[in-house]
Amino acid sequence: MVLVLIGFTLIVLIDLVPLIRKHLGHDIIAFLLLFILGLTISILEVSGVEVPSIMLLLGDVLKSLGMSY
Amino acid sequence: MRIDKAQIPGVQFMFTVTCFIQSSSLLTAFLSEITKQDSWLAVLYRTLMVMFPDYNLIQILEEVYSPVVGKTIGISYAWFFITLTALNLSDMGSFSKLTLMKRTPDVVLIVTCMLVMAWAVKYGIRLITQYSALFVFVAFSILIASVLLVLNQINLQNFLPMFDLPAIKYVQGTHIISTIPFGELVTLLMITPNVKLTRRDTTKYLFGGFTLGWITVLVVISRDIAVLGNTLPIFTLPTLVTLRLVNLGEALSRVEILFAIMLIMLLFFKITFLYYVSVITVAQIMKTKSYRHLILTAGALITAYSFTLYPSPLHHAASAKEITPILWTFFEILMPLLTFVIAKLRKLPRGKEV
Numbered sequence: 001m002v003l004v005l006i007g008f009t010l011i012v013l014i015d016l017v018p019l020i021r022k023h024l025g026h027d028i029i030a031f032l033l034l035f036i037l038g039l040t041i042s043i044l045e046v047s048g049v050e051v052p053s054i055m056l057l058l059g060d061v062l063k064s065l066g067m068s069y
Numbered sequence: 001m002r003i004d005k006a007q008i009p010g011v012q013f014m015f016t017v018t019c020f021i022q023s024s025s026l027l028t029a030f031l032s033e034i035t036k037q038d039s040w041l042a043v044l045y046r047t048l049m050v051m052f053p054d055y056n057l058i059q060i061l062e063e064v065y066s067p068v069v070g071k072t073i074g075i076s077y078a079w080f081f082i083t084l085t086a087l088n089l090s091d092m093g094s095f096s097k098l099t100l101m102k103r104t105p106d107v108v109l110i111v112t113c114m115l116v117m118a119w120a121v122k123y124g125i126r127l128i129t130q131y132s133a134l135f136v137f138v139a140f141s142i143l144i145a146s147v148l149l150v151l152n153q154i155n156l157q158n159f160l161p162m163f164d165l166p167a168i169k170y171v172q173g174t175h176i177i178s179t180i181p182f183g184e185l186v187t188l189l190m191i192t193p194n195v196k197l198t199r200r201d202t203t204k205y206l207f208g209g210f211t212l213g214w215i216t217v218l219v220v221i222s223r224d225i226a227v228l229g230n231t232l233p234i235f236t237l238p239t240l241v242t243l244r245l246v247n248l249g250e251a252l253s254r255v256e257i258l259f260a261i262m263l264i265m266l267l268f269f270k271i272t273f274l275y276y277v278s279v280i281t282v283a284q285i286m287k288t289k290s291y292r293h294l295i296l297t298a299g300a301l302i303t304a305y306s307f308t309l310y311p312s313p314l315h316h317a318a319s320a321k322e323i324t325p326i327l328w329t330f331f332e333i334l335m336p337l338l339t340f341v342i343a344k345l346r347k348l349p350r351g352k353e354v
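Protein chains in written order, with this note's numbering: chain W, 1 to 69; chain S, 1 to 354.
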């Protein structure tokens with residue numbers, strides 16, 4: 001957990017801080033979208049929470065629709 | 001607006017296409033059939049590249065479907081590219097752990113690779129594709145050597161009986177090979193503005209790369225069937241098993257290391273390219289000034305995401321056979337085809353010769 005938080009803090013320091021200084025709104029939003037998703041999945045995994053596989057879920061949906069080999 | 005203004009020459013583009021197909025051809029567990037009909041996909045992508053030489057895929061979607069609808073479809077493509085990157089990264093981690101570094105945790109291998117790839121992505125498309133010709137040359141050399149080394153193991157009767165399977169199996173095989181190695185070339189539409197080529201050269205280099213990749217797929221699958229026969233479907237990495245069978249005395253055994261080198265090299269190239277395309281796609285959708293500030297955070301997301309996709313390589317191989325071809329058809333065949341038809345009907349791009 002500590003390593004994950006250190007890693008994400010480094011990413012903020014390297015990439016987000018310069019964006020805030022330059023007031024690049026679109027860049028900040030794009031950064032935060034990716035960052036929040038990545039941080040959430042990482043924390044859940046490190047905490048031992050089983051993150052459902054989107055590929056297996058989509059597979060189940062397709063199978064239930066009769067769309068699989 | 002273009003995010004990365006670098007230009008790459010046609011030959012570099014051609015070897016990029018070849019490398020891209022070669023890297024998939026080595027994971028042949030889910031490839032059972034090979035047909036030449038897949039070249040129509042290259043025709044479709046080539047047509048879109050020629051129609052919109054200054055636009056990448058997201059810009060094409062916005063032009064054809066309106067900015068809002070185009071952006072919405074673009075978001076689904078961003079998910080598709082990120083998922084492709086994560087899937088290949090997961091493959092590379094599993095493979096490295098299985099063959100080279102058994103005691104090293106997956107996460108260490110994957111994070112280390114991602115950091116090197118992030119470095120390459122930072123320098124743009126020019127650097128990423130710069131070594132594609134070298135990779136193709138090394139891959140072909142190893143491929144030829146591997147065929148020569150297993151000549152004494154080849155049993156031509158393994159090709160028999162022919163055309164003995166139910167028709168649906170041939171449809172499935174064709175569908176898999178269309179979507180997984182060849183259909184993934186849809187990612188090339190994201191670098192169209194970086195490849196300034198005439199209509200003739202686009203055809204020449206795209207088909208040149210496609211043909212070289214196609215030859216690799218054909219040779220790899222034929223060699224594996226000739227050596228492994230009916231046992232082929234039970235292995236997740238048939239090529240690795242084929243090369244493990246090489247035994248020419250004490251000196252020439254354990255040559256599967258050659259396959260490991262080739263696969264890691266080609267997968268590294270493919271993942272770096274997909275990583276770049278994913279970052280460029282997000283940057284294009286969000287209309288950012290530069291893509292460089294998104295590289296590390298996108299890399300962190302892809303790394304975390306790669307651990308959630310499949311619990312094991314067996315699940316991945318099963319899904320690649322049964323589900324993925326159907327899922328990817330939307331992004332690789334239906335959307336490009338629909339976009340082409342609508343662009344033709346709307347006579348797009350306006351003011352330019354098509």
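Hints are supplied without guarantee of correctness; some may be wrong.
Simulated crosslink set (DSS-like; lysine-lysine; CA at most 27 angstroms straight-line) [to be verified]:
(1) Lys287/S with Lys22/W
(2) Lys196/S with Lys97/S
(3) Lys347/S with Lys122/S
(4) Lys97/S with Lys321/S
(5) Lys97/S with Lys22/W
(6) Lys204/S with Lys344/S
(7) Lys102/S with Lys71/S
(8) Lys5/S with Lys287/S
(9) Lys97/S with Lys347/S
(10) Lys122/S with Lys22/W
(11) Lys71/S with Lys204/S
(12) Lys347/S with Lys22/W
(13) Lys321/S with Lys63/W
(14) Lys5/S with Lys321/S
(15) Lys344/S with Lys22/W
(16) Lys196/S with Lys344/S
(17) Lys122/S with Lys344/S
(18) Lys321/S with Lys71/S
If you want the footprint, here are the derived chain W segments under chain S, 3+ residues with CB under 8 angstroms [claimed, not checked]:
(19) 15-24
(20) 34-40
(21) 49-63
Simulated from the structure, these hints should not be mistaken for lab results. The C-beta atom is built at its ideal place from N, Cα and C for all residues, glycine as well.
Results of checking the hints against the structure:
Restraint check for Lys287/S and Lys22/W: the C-alpha separation of about 16 angstroms stays at or below 27 angstroms, so the hint holds. At most 27 angstroms may separate the alpha-carbon atoms for a hinted pair to count; Lys196/S and Lys97/S exceed this at roughly 40 angstroms. Taken as a hint, the Lys347/S and Lys122/S pair is broken in the structure, with Cα atoms around 37 angstroms apart against an allowance of 27 angstroms. A C-alpha spacing of about 23 angstroms is found between Lys97/S and Lys321/S, which places the hinted pair at or below 27 angstroms, so the restraint holds.
Annotation: proposed proximity of Lys97/S to Lys22/W is violated, straight-line Cα distance about 42 angstroms (limit 27 angstroms). Of the supplied pair hints, the one linking Lys204/S and Lys344/S holds, its CA atoms being roughly 23 angstroms apart against a limit of 27 angstroms. Of the pairs offered as hints, the one joining Lys102/S and Lys71/S is violated, with about 43 angstroms between alpha carbons and a cut-off of 27 angstroms exceeded. Under the criterion of a C-alpha separation no larger than 27 angstroms, the hint pairing Lys5/S with Lys287/S is consistent with the structure, at around 15 angstroms.
The hinted pair formed by Lys97/S and Lys347/S fails the criterion: a straight-line CA distance of about 52 angstroms is larger than 27 angstroms. Straight-line distance between C-alpha atoms of Lys122/S and Lys22/W comes to about 19 angstroms, which keeps the hinted pair within the 27 angstroms bound. Only pairs whose Cα atoms come within 27 angstroms are accepted, and Lys71/S paired with Lys204/S is rejected, the gap being roughly 31 angstroms. With a CA separation close to 41 angstroms, the supplied pair Lys347/S and Lys22/W exceeds the 27 angstroms bound.
Restraint check: the Cα-Cα separation between Lys321/S and Lys63/W comes to about 13 angstroms, which is no more than 27 angstroms; the hinted pair holds. Our distance criterion of 27 angstroms between C-alpha atoms is broken by Lys5/S and Lys321/S, whose separation comes to about 38 angstroms. Proposed proximity of Lys344/S and Lys22/W is contradicted: the alpha carbons are some 42 angstroms apart, above 27 angstroms. Proximity of Lys196/S to Lys344/S is assessed by CA-CA distance (about 22 angstroms); at most 27 angstroms being required, the pair is judged to hold.
The hinted pair formed by Lys122/S and Lys344/S fails the criterion: a straight-line CA distance of about 36 angstroms is larger than 27 angstroms. Of the pairs offered as hints, the one joining Lys321/S and Lys71/S is violated, with about 30 angstroms between alpha carbons and a cut-off of 27 angstroms exceeded. Here's how the region 15-24 of chain W fares: 5 of its residues keep a CB closer than 8 angstroms to some CB of chain S, so the rule of at least three is met and the hint holds. Beta-carbon proximity to chain S at under 8 angstroms applies to 5 residues in the region 34-40 of chain W; the threshold of 3 is reached and the given coverage holds.
Against chain S, the region 49-63 of chain W contributes 10 residues with a C-beta closer than 8 angstroms to a partner C-beta. That satisfies the three-residue criterion, and the hint holds.
Consistency with the previously given hints fails for numbers 2, 3, 5, 7, 9, 11, 12, 14, 15, 17, 18, ordered from lowest to highest.
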